[in-house]
Amino acid sequence: MTSTVVRASGLTKRYGSFAAVDRVDFALEEHRIYGLLGRNGAGKTTLMQLLTGQLFPNEGELEVFGRTPAEHADVLRRLCFIAESQRYPEDFTPKHVFTSAPWFFENWDAEFAERLIADFRLPLKRPIKKLSRGQLSAVGVIVGLASRAPLTFFDEPYLGLDAVARHIFYDRLLEDYAERPRTIVLSTHLIDEVANLLEHVILIDQGRILLDRDAEEVRGQATTIAGARSVVEEFVQGRPIIGREGLGGLASVTIDGRLDREERVRAAELGLELAPVSLQQLIVHLTGADLAGATEKEVAA
Amino acid sequence: MTVVATATAERELGPPRLRVGEVWRIVRLLAVNPTIFFGVPWMILGGAWAVTMVIALIMSGAGAPMDEAREGFRYSWAVLSPQWYLVVVGVQAVAYTFSFALGFGSTRRDFWLGMSVIFVLVSAEMAVAIATLVQLEQLTNGWWIGAGMFDALWYGQLGWGFDFFSTFVLQLLVLFIGASATTIYMRWRVRGMMVLLFSTVALVLILIATLTFTESWPAVWTWLVGLTPIGLTLLGLAAAAVAAVAGFLVIRRATPR
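Protein chains in written order, with the UniProt record's numbering: chain P, 1 to 301; chain W, 1 to 257.
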């Protein structure tokens with residue numbers, strides 16, 4: 001039996017005439033890992049700030065653990081949200097963060113935190129201001145994991161993390177989640193990096209939700225067909241095409257929708273290759289092509 | 001099913017109430033790095049004291065009459081040197097620690113209450129120490145060399161009790177003014193600060209104009225001169241209380257940066 005942790009309807013946050021979150025409806029179920037995906041400035045952080053009572057909505061209904069989050073200590077003590085651009089008190093070091101965390105998170109696991117600090121090789125006595133982007137992300141990741149809050153938000157956790165650190169986060173999150181299920185919201189624009197973690201995808205763009213669906217369903221939603229150009233073109237004729245690439249006589253076309261058994265057999269007979277579509281490809285298609293270049297550049301960096 | 005879960009949650013949560021632990025953890029958070037509230041003010045005071053001592057040594061070395069010098073030291077503002085720093089501490093508590101506390105799941109109300117508690121504790125600590133140092137300075141006749149830093153301005157005239165009370169109030173006022181002015185920024189950002197600045201200026205001008213046109217300046221002077229030191233301190237205490245309450249009301253809807 002699942003219960004709903006968050007329920008939002010018509011949720012809106014405006015800054016002047018600009019709607020950062022625009023009449024959004026969604027629900028989060030208990031014990032699932034959600035991906036809050038979208039481009040930079042899509043409204044991901046604003047949405048999480050609304051959910052954690054840091055911002056006040058202009059319109060709409062919002063319930064977190066059964067009531068409005070803002071100023072309700074009983075709701076807030078079940079949440080953990082370290083923003084990507086989190087402000088820290090003057091002259092704070094990671095040591096100060098981990099010393100004070102147990103006062104605020106009743107499920108705080110100090111041993112787990114220590115293991116993670118060692119894993120991430122986080123310098124405890126260096127001022128927060130002097131940490132690299134990756135080390136700063138590590139502080140947020142460690143707090144998020146070790147707090148074991150029933151509703152935990154990770155805001156761009158991969159920002160600046162190296163490959164090893166990304167792997168550690170991935171492993172530790174799944175490991176701990178299996179032992180102590182909780183509701184996790186991962187916000188990121190680096191979609192392929194987290195794709196395998198996600199059970200549910202919420203795609204937000206320009207303050208609106210474009211997609212709110214089970215991750216498996218999303219992954220199977222589109223197919224890529226590759227092979228000789230003429231054969232591919234003939235095969236995809238009449239189908240909704242969402243992406244097209246070509247090199248010489250070869251072509252690779254992505255279509256919206258899945259193929260049935262009969263169609264798969266026919267494709268095989270024609271010598272065509274079928275490949276699943278990555279979450280990122282699909283989302284790039286849904287939110288516009290600009291994202292592709294931006295994301296690749298950041299991954300490369 | 002979800003309806004049931006919501007109903008249960010509602011019952012579990014109950015109405016908001018005051019929890020001592022949730023306020024106290026803010027006190028601990030603000031003091032987790034003790035240098036800010038308890039270290040730096042004493043470094044500043046210590047530095048000012050060292051400078052005063054050196055000046056006194058130079059003066060006596062140059063053969064200045066130290067009895068008259070003691071009179072001169074009464075006009076030294078060195079005893080107030082940590083005040084400027086503590087305004088900044090009040091500002092930073094709201095500008096930085098507030099945002100962080102919200103991330104850690106504190107309510108705005110608990111943050112303000114916890115911050116007020118540490119302000120009272122710091123003010124009391126400073127007041128006890130400074131009032132006692134005034135006594136020590138008098139007892140040692142200016143640290144044995146005729147130097148004067150604490151026994152200056154209004155200090156050392158009305159006894160330990162008044163020195164304690166006046167320092168306590170001044171400290172509280174300075175901290176709460178820094179903190180509550182920053183809540184305006186945290187709620188309305190630059191626009192709020194502009195409105196605050198311009199309306200303060202406008203208010204002062206209106207006050208001056210009113211007093212001038214009604215020719216009530218003499219009455220104001222008489223009132224000011226007639227104020228006893230205790231009366232003035234109580235006025236400061238009232239101002240600190242107003243800043244504390246106003247800051248609380250403003251921060252209840254403030255948003256982190």
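Some hints could be false.
[Unchecked claim] In silico negatives: residues of chain W with every beta carbon more than 12 Å from chain P:
1) Trp-24
2) Ile-26
3) Leu-30
4) Ala-31
5) Val-32
6) Val-40
7) Met-66
8) Ala-93
9) Thr-97
10) Ser-99
11) Leu-102
12) Gly-156
13) Pro-218
14) Ala-239
15) Ala-241
16) Ala-254
[What the hints assert, rightly or not] Derived CB-CB ranges, DEER-like:
17) Trp-84(W) x Lys-95(P): 57 to 65 Å
18) Ser-85(P) x Arg-253(W): 20 to 28 Å
19) Ser-85(P) x Trp-154(W): 20 to 28 Å
Since the hints were derived computationally from the structure, they do not count as laboratory data.
Because the structure is a prediction, the values reported are computed rather than measured.
Using N, Cα and C, we set each Cβ at its ideal position, and we do this for glycine too.
Since Ala-254(W) was said not to touch the interface, does its Cβ keep a gap of more than 12 Å from each Cβ of chain P? 10 Å, violated
Beyond 12 Å from every chain P Cβ - status for Met-66(W): Nearest chain P Cβ is 41 Å from Met-66(W), so the label holds.
Minimum Cβ-Cβ distance from Leu-102(W) to chain P exceeds 12 Å: Violated: least Cβ distance 5 Å, not greater than 12 Å.
Taking the shortest Cβ-to-Cβ distance between Ala-241(W) and chain P, state whether it exceeds 12 Å. Answer for Ala-241(W): holds, closest chain P Cβ roughly 23 Å.
Would the least Cβ to Cβ distance between Ala-31(W) and chain P come out above 12 Å? 10 Å, violated
Verdict for Ser-85(P), Trp-154(W) (Cβ pair) under range 20 to 28 Å: 46 Å, violated
Would Pro-218(W) pass as off the interface with chain P, using Cβ distances and a cut of 12 Å? The claim holds: Pro-218(W) sits with its nearest Cβ about 47 Å from chain P, beyond 12 Å.
Interface-negative label, Ala-93(W) against chain P, beta-carbon threshold 12 Å: Label violated. Min Cβ-Cβ 8 Å, cutoff 12 Å.
Confirm or reject: Ala-239(W) is not an interface residue toward chain P, with every Cβ-Cβ distance exceeding 12 Å. 26 Å, holds
Holds or violated: is the Cβ of Val-32(W) farther than 12 Å from all Cβ atoms of chain P? 5 Å, violated
Separation of Gly-156(W) from chain P, once the least beta-carbon distance is taken, above 12 Å: 34 Å, holds
Hey, is Ser-99(W) genuinely clear of chain P, shortest beta carbon separation above 12 Å? It is violated; Ser-99(W) is separated from chain P by about 4 Å at its closest Cβ, not greater than 12 Å.
Comparing the model with each earlier hint shows violations of hints 1, 2, 3, 4, 5, 6, 8, 9, 10, 11, 16, 17 and 19; every other hint is respected.
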